[in-house]
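Here the protein sequences line up with chains A and B, keeping their order. First residue of the first sequence: 0, per numbering that gives the first Met the number 0; consecutive thereafter. First residue of the second sequence: 0, per numbering that gives the first Met the number 0; consecutive thereafter.
Hints were generated in silico from the structure; no laboratory data involved. Do not take every clue at face value.
Have a look at the derived ranges for each label pair, beta carbon to beta carbon [unchecked claim]: (1) Phe-252(B) to Arg-227(A): 46 to 52 Å; (2) Gln-72(A) to Tyr-15(B): 40 to 46 Å; (3) Leu-99(B) to Pro-105(A): 30 to 36 Å; (4) Gly-57(A) to Tyr-15(B): 50 to 56 Å; (5) Gly-57(A) to Ala-251(B): 42 to 48 Å; (6) Pro-105(A) to Ser-221(B): 54 to 60 Å; (7) Val-158(B) to Leu-261(A): 32 to 38 Å; (8) Gly-27(A) to Arg-92(B): 49 to 55 Å; (9) Trp-93(B) to Asp-136(A): 43 to 49 Å; (10) Gly-57(A) to Val-158(B): 43 to 49 Å; (11) Gly-57(A) to Ile-110(B): 47 to 53 Å; (12) Ser-167(B) to Val-83(A): 20 to 26 Å; (13) Asn-145(A) to Gln-173(B): 20 to 26 Å; (14) Lys-126(A) to Ala-251(B): 52 to 58 Å.
Cross-link-like lysine-lysine pairs, in silico, DSS-like; alpha carbons within 27 Å at most [as the list claims (entries may be wrong)]: (15) Lys-141(A) to Lys-126(A); (16) Lys-168(B) to Lys-126(A); (17) Lys-141(A) to Lys-120(A); (18) Lys-124(A) to Lys-168(B); (19) Lys-79(A) to Lys-168(B).
Being a predicted model, the structure only gives us computed values, none of them experimental. Positions of the beta carbon are idealized from the N, C-alpha and C atoms, including for glycine.
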Amino acid sequence: MSLAASEAVQAPTAGTAINFSNVSLTYGAGSAAEVQALKDITFDVPAGQFVSILGPSGCGKSTLLRLVAGFMQPTAGSVKVGSVDPLNARENGLLGVVFQQPVLLPWRSVLDNVSFLLELKHEPKAKREAIAKNYIDLVGLKGFENHMPHQLSGGMQQRASIARALAFGPSVLLMDEPFGALDALTRDRMAFDLLDIWKRDQKTVLFVTHSVQEAVFLSDIVVVMTSRPGCVRMIRPIDLGRPREKDHRLSQEFLQHCKVLLTELEADVGYH
Amino acid sequence: MLKSPGSFKFLGSVAYYAPPVIALVAFVIFWEIYTKAFEVSVFILPSPSRIFQAGVNLGPALWGHTWTTLYEILLGFLVGNVTAVALAYAIVRWQMAERLIYPFLLASQTIPKLAVAPLLVIWFGTGVMPKVLVTALLCFFPTAVNVVQGLRSADPATVDLVRLVTPSKFVLFQKVQFPSAIPYFFAGLKISMSSAVIGAIVAEWVGASKGLGYLILYAGTSMRTDLMFVGVGMTVVLGMMLYAAVGLLERAFSWRREG
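Chain A with its partners taken away, still in its complex shape:
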């Protein structure tokens, strides 16, 4: 099922940004405590598209991101970023990551945090600060360059962390429940702004979430994962058109997508 679906969405795109091919991950293989975290994951993330992985807690969706970032290796199958493996992609600066927490360095200003990764890449100071300022503007933090992280709200901190990921200039942005720690209103606002940023700064986004509405609202494609072991249950293209407006969330098609995805999720989790 997953193979057929992924081929269907792959056909009209320019290329594949991320390819999962029969990816499995087993912890403690061979021992009594063997746990299969991921089983036979196969799907493609087309270049330039916004793809969400939707699933309950503990289904291995974050693990999937860690595989793409090269922080972990699959026990079977392969992950490719473009045409290279994750470690190669990392060396070439193709990957950007946004975590659930902003993980800003508390002793650095917003400007120094956003330019941090460029500093590690030994970009000259003037150049990295110019790039950082550009992205600080883009995420709506103009005027806060010299603030310290503790002086910002949670939403603003997460904006800074998105600016940091973008300033690094990756072609693929991995986002691990980036709005999970924010309150509902801020979370909605961030979703709008993220689409705005994404529109101007066309990148492939692989976005992990457990919110059905968030996934449908943001994505071109939603991949539903189920747990124990984590595997792909459904790959659903979201044909709502762009730009996405507030009203989209009340449209019949939007609710229909949500309903279908929710049914798949509930089939796995069960309703008690």
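Keeping the supplied structure of chain A fixed, place chain B upon it in accordance with the hints.
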């Protein structure tokens, strides 16, 4: 005329420090009156004025004792903390070092310092060396434990972030672990400084011919209670000034200044 903001600030800090200063002054006055009114024996509890007079009578000798102890404290503090930071770095950097060093680190804290001081005198004589060693032994532990914790305090996600760009362990240390550890380092230094003062005084008790610890011991054996108070009082003043100095260093070099 309006007052400048500077003088408001000055008045503000006067208001801040006034209660403890007033309390101290009141305590000294009460002490003076108490000893006079009840004619307390100088041997039991000398009056503040008597203690002050004893200090003045000592004259330059008092500065000599203070200088000796200060020298021992600072040298022991330096040796202890340099060792502490080096050990902490090794413990965090190499797993083998942790297994090797940690048990000895803990054991070093259970050594009764006062009891080994005579041994150090046998080995190194009655000069500065044994005092510096006891001081270092007493004050390296708080720093070592804090720096180990500080170096490990970096968020694992931050470590991932750096790994995304470079595999270099040195860059990780330089840009993340080292700055993360700075507030922990200063927290350790403060405890370490108070321990250093105790270390130097205790070490002088065992075998010394000068220093505030020696002065206290000498005064005790010759029934000069007023001199004992001079020694103890000077130690307290010295300890508080050194503690404040560490606090100033912290304000100058540490980043956790919010809140």
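Right, here's what the structure says about each hint:
1. Phe-252(B) to Arg-227(A): 46 to 52 Å: 50 Å, holds
2. Gln-72(A) to Tyr-15(B): 40 to 46 Å: About 58 Å separates the Cβ atoms of Gln-72(A) and Tyr-15(B), which means 40 to 46 Å is violated.
3. Leu-99(B) to Pro-105(A): 30 to 36 Å: 33 Å, holds
4. Gly-57(A) to Tyr-15(B): 50 to 56 Å: 52 Å, holds
5. Gly-57(A) to Ala-251(B): 42 to 48 Å: Cβ of Gly-57(A) to Cβ of Ala-251(B): about 47 Å, so the range 42 to 48 Å holds.
6. Pro-105(A) to Ser-221(B): 54 to 60 Å: Given about 56 Å between the Cβ atoms, the range holds.
7. Val-158(B) to Leu-261(A): 32 to 38 Å: Since Val-158(B) and Leu-261(A) have Cβ atoms about 36 Å apart, the given range 32 to 38 Å holds.
8. Gly-27(A) to Arg-92(B): 49 to 55 Å: 28 Å, violated
9. Trp-93(B) to Asp-136(A): 43 to 49 Å: The hint (43 to 49 Å, Cβ to Cβ) holds, given that Trp-93(B) and Asp-136(A) are roughly 44 Å apart.
10. Gly-57(A) to Val-158(B): 43 to 49 Å: 23 Å, violated
11. Gly-57(A) to Ile-110(B): 47 to 53 Å: Roughly 48 Å apart at Cβ, these two residues keep to the hinted range, so it holds.
12. Ser-167(B) to Val-83(A): 20 to 26 Å: For Val-83(A) against Ser-167(B), whose Cβ atoms are near 21 Å apart, the range 20 to 26 Å holds.
13. Asn-145(A) to Gln-173(B): 20 to 26 Å: The hinted range 20 to 26 Å holds for Asn-145(A) and Gln-173(B), with Cβ atoms some 23 Å apart.
14. Lys-126(A) to Ala-251(B): 52 to 58 Å: Since the Cβ atoms of Lys-126(A) and Ala-251(B) sit about 31 Å apart, the hinted range of 52 to 58 Å is violated.
15. Lys-141(A) to Lys-126(A): 18 Å, holds
16. Lys-168(B) to Lys-126(A): Distance ~25 Å between Lys-168(B) and Lys-126(A) Cα, so the pair holds.
17. Lys-141(A) to Lys-120(A): With Cα atoms ~24 Å apart, Lys-141(A) and Lys-120(A) stay inside 27 Å; holds.
18. Lys-124(A) to Lys-168(B): 22 Å, holds
19. Lys-79(A) to Lys-168(B): Cα-Cα ~26 Å, so holds.
Checked against the numbered hints given earlier, this structure breaks hints 2, 8, 10 and 14; the rest are met.
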